[in-house]
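Heads up: the sequence lines are chains C and W, in that order. Note that this note's numbering gives residue 179 to position 164 of the first sequence, counting from 1, and the numbers run on in steps of one. Note that this note's numbering gives residue 612 to position 126 of the second sequence, counting from 1, and the numbers run on in steps of one.
No lab work stands behind these hints, which were simulated from the structure alone. Hints may contain errors.
[Said to hold, decoys possible] Only part of the chain C face toward chain W is listed, based on derived beta-carbon distances under 10 Å:
hint	residue
1	34
2	77
3	344
4	353
5	405
Since this is a predicted model, take the numbers as computed values, not measurements. Each residue gets a CB set at the ideal place from its N, CA and C atoms; glycine is no exception.
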Amino acid sequence: MIKYKEGEKVRLVIIGNSAAGLSAAKTIRKYDQKSEITIISKEEGLAYSRVLLPYVLREKVDYNNIFIKDKAYYEENAITYIEDEVVALDTLEKLITVNKGQAIRYDKLLIATGSHAVTPPIEGLNGSGIYHMWTKNDLDDLLPLFNQKKSVAIIGSGFVSLQAAWAAKCRGLEVSIIEIADRVMPNVLDKKGSEVMANHIVDSGLSLYTSMITEKVERQEDSSFKLHLKNRQPLVVDFVIVGAGVKSNISFIQNSNIVYDRAILVNEKMETNIKDVYAAGDVAAGPTVFGDKHMTHALWPTAVEMGEIAGANMIGKQRRYQGSLNMNVTQMYGVTVASMGIFDDEQIDGSYEFPMDQYKGYIKLCYKNSLIVGACIIGESESVKLLGKLRPIIKKGLRIDCDPEKIESYIDIQAFQNRY
Amino acid sequence: MKIITMDTTKCVGCRNCELACAYMNSNTSCERTYSKIRVNHYIDEQTLIPLTCLHCEEAWCLNVCPAAAISRDENTGAVIIDSDKCAGCKMCILACPYGNIQFDEKDLVSTKCNLCEGNPRCVGHCVGAALNYEDVESFNERARKKVDRKIMDAIKHQCKSMEVENDK
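So here's chain W without its partners, still in its complex pose (with noise of 0.2 Å):
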């Protein structure tokens, strides 16, 4: 399955996900309120986080939806809400323990990503390359490799200090 992931490294804050993904949803008007993805801007520690749906294998929010109008589309895995069988009873906001589920305050109900269908608009519009729209597998991968990387680097740094300990 595919998913949108994110890296923070490369997202320069621009937020036109934001403007694409709100367009998408309203098909008339750029504002954030109608976007599923947000683009956190976090000044004191100097971090920037897209976030947006990371249609859980096992999601929280599907399941307590008392409503039963959340399910798993079956061409593309995304964790979709049914407007029209949306309550607007928000258990879903509050099951998600990432904040990626959004309330629409005209209609009153849930809403959230749902990958575009397979075409998720965000990570076309993504000038930093830190939104990707790939298979999840691949995308562990490559953050083991990162993380490894990491360890790699930390060793290495080890060892040269070592290496000037013996020196002296």
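So here's chain C without its partners, still in its complex pose (with noise of 0.2 Å):
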């Protein structure tokens, strides 16, 4: 634990006020009522989780619901709260020097600042009228659209993408999804799941095109935009959403001394290269349960888990990360889709797909020196369970002595013996 001297008050500072920031705040005052916590945030309002915009956007949930914080939980937790934008940072001063307000000092700093959406780069793809689907802004920008326009094409199939055609899709447009690559959540899903998916999106009534390289996009007199692709006729919609991945928001540390490459780079305690300033979440680079030493993965559950483990070291407590491990859930076009870990066909040796009668859907283990490393599933709510029991196993790495249809019964038994 942090020593203090008479009178003295170690300031904590957090740049990020969402998933990893916050579990970071929460993790400081569980131990510690004495430091001074500031948490700054370049983002207007309230801390809101982004895992929800698209639930919104299909009116699934409601806009308020969004906020996971009120302003009463920053005073009862003694958090000072800055709405201000860092635009650099001297480790050697430790000064953070931002936009509108005055300089902050810090003793110990977590960069929690997440991450962007990026545009790739097609002719004519920018301006009014293009949108991305990752802040508030964006559905802030989105849900007016969704209200008045009736077509829009969907430029990448990754997980948030796919939930945002779903959303117009639910909401009466007429959607076409883009993916340059030649299969569909290619991050999210093995190739099978893939095609599995796919068919889910086409019988949902979306126009789907893969392996579709869009040339250039040109703004029509009627301000609705005309899709140039690749062989193919144009695509003419009233707006475009932009679903092309996501880049750490690291500009402000550019002449700082900490070691980045696309992310931040941490250790397992969350600690980047120079003393005193650590990262978590979309901005770092972190260890992963399956040895890799950096690696972002831009998930809500991994950012929570940095900025806790980042939360206890800044106060002493000796935390060190097991690793991060992928995971993605939601339900969509009628099914439940879900992966962890490991499932690229290129990564793995080994695959066990269940019958289908088993969990009523496509779900496969997918094994590497015969342990379990991933898991994908297309189906029902039900199976999720199955992930959720394979977690622990992945994380440790055990092996499991039984027949892959029977792992679930054996997995509860176990988990009842050493319990009871």
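With the hints as a guide, bring both chains together as one complex.
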């Protein structure tokens, strides 16, 4: 724990007011009521959950439900909240330069600034009428369009893109999905899973174009867009949502000595190369359960975990991260889609597909060196439980001695015997 | 804090707990789909396991919920889901290592055991006294004694067989 001199308060500063930052603050306050906590965020308004944005678009969730902390939370936990943009960082003087207000001093700093959506270099793919689906501002831009417009093109078919597309479909828009790769959700599903998912998308009445290159986006006089596709008739839509991945928000550290690649490199304690500077969440690249040293998932659960570890270490608890395990889950196109760990066909050396009737859907276990390293699901809610039970097994790299089709009962009995 | 504990050696697999839970939660039906406790029958292994939420001290579902819909009840210590806040993203189901969170397919939200505000119906209807609502500490104490007894029995058994060896 931090040793205090008489009357001295340690200044803990967190840049970022979302999953990682808030998780760190919560962890700090769990053990330490004395330190000063300051959260700096450039996003206006209350902390919100990015995960819920597509659900609001779909009208499954009320807009106000996206806010995960109210003003009182900060007061009750003695957290100073500053709404400002960090523009530079001096790690020698331990000084943060912000856009509007006075410079802020820190004793220990957590960088949890998240990520931003990127736009692929396609001619005409910018300006009004072209949107992302990553922040609350994006949601605010899109909500009225979902009421007024009739057709939308989604460029990209990642997890968030497909959720946005599904929301548009649910709201009665005509939806076209354009994916440059040869399959949908390449980062969330294996090859066969992509095929299964593509069928659900098409069956739900959306137009899906894979292996499709968008050459140019042309703004028309009636403010609609003409998308010029390679070797195909152009597509005319009212507006465009771009989902081409995200990049870490690290512009303000360019002139500091913090080591980064595409994200800030952190060790298992969420420490950067600079003393007293930590990073967590989408902005950080940390260890995975599979032994990778630096990986960024841009996933909510990973951010929560990393924030917790960072917070604990900022107050001197020696906490080491077991490593992140990527996980995704949602319900869309009438099915539950979930995946976890390693499922890319190139990276595994074995797999087991459950009979379709056992869990009522497509469920695949992925193996490497006879250990389960990942799984994919396109099916029903009940099968997500299997993934939950597999999580600790993948994390710890436990060997399972049973036929794969009986794995769930094997785990249940084992868990019970260990507990009782 | 009190939790629902389960003694598999006493469970007879009657599923009364499921019925009681289902009725408590639905007010209209004893159908299994409404129940937050599940008695799993493992026929090949000849094992019965009644399973419901353990209200983990470090509840991963609570920490990970992106809607901040999961919290701890101040009075009972139960980990509870606010269905008005739940977005139905199923992250909690993926987070639970025991499969103890259910999905309500009608309202499209996650649901789970809330300890019936301190009066769990499943316990009251358990005919085999397999389910108990008890203090975590006293349960751990009991579990430890049980393990101790097992070790003692094993040692005794070993000693006996040694005596037999010596008599030869």
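If you test the structure against every hint from before, which numbers come out violated? No hint contradicted; all consistent.
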